[in-house]
Amino acid sequence: MNPDDEIREEIESHLRQREQWLAQRGIADARTEARRRFGNTAQIHEETRRMHIPVAVEQTLRNITLALRSFRRTPGFTLTALLTIAIGIGAGSAVFSVVDRILFRPLAYRDEARLVWLGMRAPIMADNEFVLAADYSAWQKEQTVFETLTSMQAAQDCTLRMAGAIKVRCARLEWSFLPAFGLAPQLGPGFTVEDDRPGAPPTIMISAGLWRDKFGGRLDIAGQSVMVDGRDMRIVGVLPEEFELPNMQRVDIVRPQQIDWAAQKRGTSTIIIHAFGRLKPGVTVQDAQTAMQPLFVEALRFVPERFRKEVTLEVHPLRERQTRDSQRASYLLLGAVVCLLLISCLNVANLLIARAASRQQEMAIRRALGAGRGTLLAQQLTESLVLGLGGGLLGIGLGALLLRAFLAIAPAGIPRLDQAALDARVVGVSLVAALLAGLVVGLFPAFRALRPESLSGRRATAPVRQTLVALQIACSIILLAGAGLLAQSLYRLQSVRLGFAPAGLLTASLQLDPTRYTKPEQCLQFYGELERALRAIPGLSAVTVSDSLPPAGSNLALIFSNIAVEGRAPIPEGTGGMVTHRYVSPGYFAALGIPVIRGRAFEEGDPQSADGIILSEALAGRMFPGEDPLHKRIRPGGDQWKTVIGIAADVRNAGLRSAPDPESYTTLAARQYPLRSAQVTLRLPEMQPDSVAHAAQLVRAEVARLDPNVPVTLEQVERRIDRFTAPARFQAALLGLFAAAGLLLAAVGLYGLLSLIVTSRTREIGVRMAVGAGAAEIAAMVLSQAAKWTAAGLALGLMGAWAAARWLESLLFGVQARDAGTLGAVALVLVLVALLSAWLPARRAASVDPSVALRAE
Amino acid sequence: MSHPTLELLILKTLGRGANHGFGITLHIQEASGGMLGVEEGSLYPALHRLEKNGWLKGEWRVTENARRARYYLLTTAGQDRLKEIEQSWADLHRGMARFLRTA
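Which chain is which? The protein sequence lines are W and C, in order.
Mind the numbering: the first sequence is residues 415 to 1271 in my numbering, read in order.
Mind the numbering: the second sequence is residues 5 to 107 in my numbering, read in order.
Hints may contain errors.
To be verified - Subject to a maximum C-alpha distance of 16 Å in a straight line, what follows is the list of computed EDC-like cross-link-like pairs (lysine to aspartate or glutamate):
hint, chain 1, residue 1, chain 2, residue 2
1, C, 16, C, 55
2, C, 16, C, 34
3, C, 56, W, 420
4, C, 56, W, 461
5, C, 56, C, 11
6, C, 87, C, 11
7, W, 694, W, 526
8, W, 1056, W, 1104
9, C, 61, W, 420
10, C, 56, W, 472
11, W, 581, W, 627
12, W, 679, W, 712
Stated by the list, open to error - Some chain W residues well away from chain C (every beta-carbon gap over 12 Å; in silico):
hint, residue
13, 429
14, 461
15, 469
16, 475
Keep in mind the hints are simulated off the structure, nothing from the lab.
Computed from a predicted structure; not experimentally measured.
The beta carbon of each residue, even a glycine, is placed where N, CA and C say it ideally should be.
Let the sequences and hints guide you as you build the complete structure.
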């Protein structure tokens, strides 16, 4: 029986016995009388029930009640402390939910620690380790360190035809891919060895997202056929919910690789794949690197000898490899948040010390009356824990708002950002952090309050509080310095000279169906007609078609030393780096506003243009130092010689941060393979939302008129460039926000401290004034107090910022991490804020009336 | 009535044999000649506390009037406790009496 029922029945039994007893003695209305004699049943039930609560719990409940009561008595303190903690925890939980997926949380693969990405790194594909399919099949047979070795080909655009044509991302996986990662399709059988044989009937698996959005999450999806890139393909599975490619590309559809390994070995074709391995238990990454070395050396034999030095074997744990680019930024944000949390903890600690000081006599009296050390300690700790918990809960609410704001301004390319959420794990960590903060912050004043001399009623010795304020100032300097540096590099990044004029440009990416556009001429004809049709529309000017647009590189990169120059011996060793090559329609330079410095641009219907090549200034300077490049003949690849007809100004083509790569241009007509994905770019007279929407509609209509099955994605070129500055903007905004919050808290801390000092010294100030000190002198006295500790904090903070600079370096652009100007400006801002927060208490001190002050206390 | 007194009354009553809450009330009122009036309900928190301390043991039984009631009996620890507080009560009583005589 549960205690409540038992107590209820026991009371009931008592009442009935009494009723009967009374009735037997002839008392009228025995029932009411029995109740009267018993007393308040509800209250007695409650009191009896309480006897069953364990002592510790009861103690705690009582402490909590006491704490809440004392908070109610001091609403100002409570609100300040709660908000301070909430700011720290709120920022912390929002940032943690973003970086957790990058730094800490296990990947969505089984036993991820044993997964590695292995392959060769060469300048031609510097960002992604790769293996040639021919080498991979040898590795597959001869390797000894992996439980399984599996592979994939990177995702590319492809077209899914349902009601209309949709551009989706397709990747190819070896049949063993999912099992190697410890995954299985959530629906359907998945790929078999047979599916992966060359020439097998085409099968696909679709992502969970595509399944829900385009197939209504139908359970009978396996076995159905859909049209992908013009071919009917059978769906054999739905990928797991959180599936992502190990190179973190988005993917909607995966197909088996169906590589003809024998043909690869013969060298009749060359496919580039990415290889992933699951290490055997007990094998380290280093072991794998060593064990794979002979196979790598074997593979190198097929690399032209002069390039070999620039090719390396890379074996990295998957997570490390995946988050390589975002780790720095993640740690930076985490560091910033820890700084902010520290500031808020210091602030609350200071508040608690002040509170403890004002309650010292209360505590001393209670001790004298026999309250145990432990009881008082437990009670004070309960207070700060309740504070921590309350602030933590408030902070998690704030964190949810902040996270939403982060996601709104976050750039593409932060890994797994779409999964960032305040889930149980983040909430748990945040609450633990809040409670820990409460505990640490509470311990110190709690112990101080218990010191024996407390009874004398002496005030807490000041320097502790001053030190805490100085530390707050130091932390906010570090935050401010970081924010300042990031803001500066954002500014520099945004004012980088692009080399072309993006304002007014609108671009459409097109995707032609590979089954119907099999020949280069078909593509050319399509683009030609589209260009003519768009040019004929009044208001649109400068239409051009190209395979890609700056500031990104193109899909084609040439090896510098492979470009033959007529009448000159090839470079004996090394690649000489990479050259970006773009295929463009003749109007390209005019449309993008890229100046042609020498020679001329391509011209429509000009046979010389078709055989001509235009070099960027950087490439021309490198290829023909001290010579006139015009009319020289070079062979960029294949067997066609091209004549240099012009030199174009350099354009940022490797992102905004790096200096331009050398670049060359030929016409679309010079391309030997069909160009199925292209950019159509045009200039609008004005960039109003209406005119953009109108132009977009026109472009869509023209494309649809030529071929209704071509997916079109439109974008303003300026927006596209914004994407390159987005990470910097995100980092600067976040750090700026934290720095502002930190500064505010530090200012509040300083203000609170000085106010307290002024109040506690009112009498002394009165005496000083009575013996002739002027108001200015008194104000100066208070300000000098502030100055002393601000200066200490400033010095400490600048040292901290100096030390932290190393961490920032790789995120900065165009500004040194130890930029004296920035540090100086930060120091100035802080001194101003400190002055401001010291001003009010100083003025109050100066306006003390000596006759009142002397009578005080 | 304060804790130690009520505690002594309960333990002493149960020293005569198991009884339920109502029975204990009756006994205290009768044995004290009606001088020690207890608000009847206040007995129960005390009973449960004593049980929690291991001095009493409660069990449901049927009364002579064929009602279900919770009976309490003294445990061994309860008997020791009774001796202990009877002793201290007697000491206090003697002390007080002496004080009143001499003062």
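Exercise. Would you pick out the hints that fail for this structure and give their numbers low to high?
Key: Violated hints (numbers, rising): 8, 13, 14, 15; every other hint is consistent with the structure.
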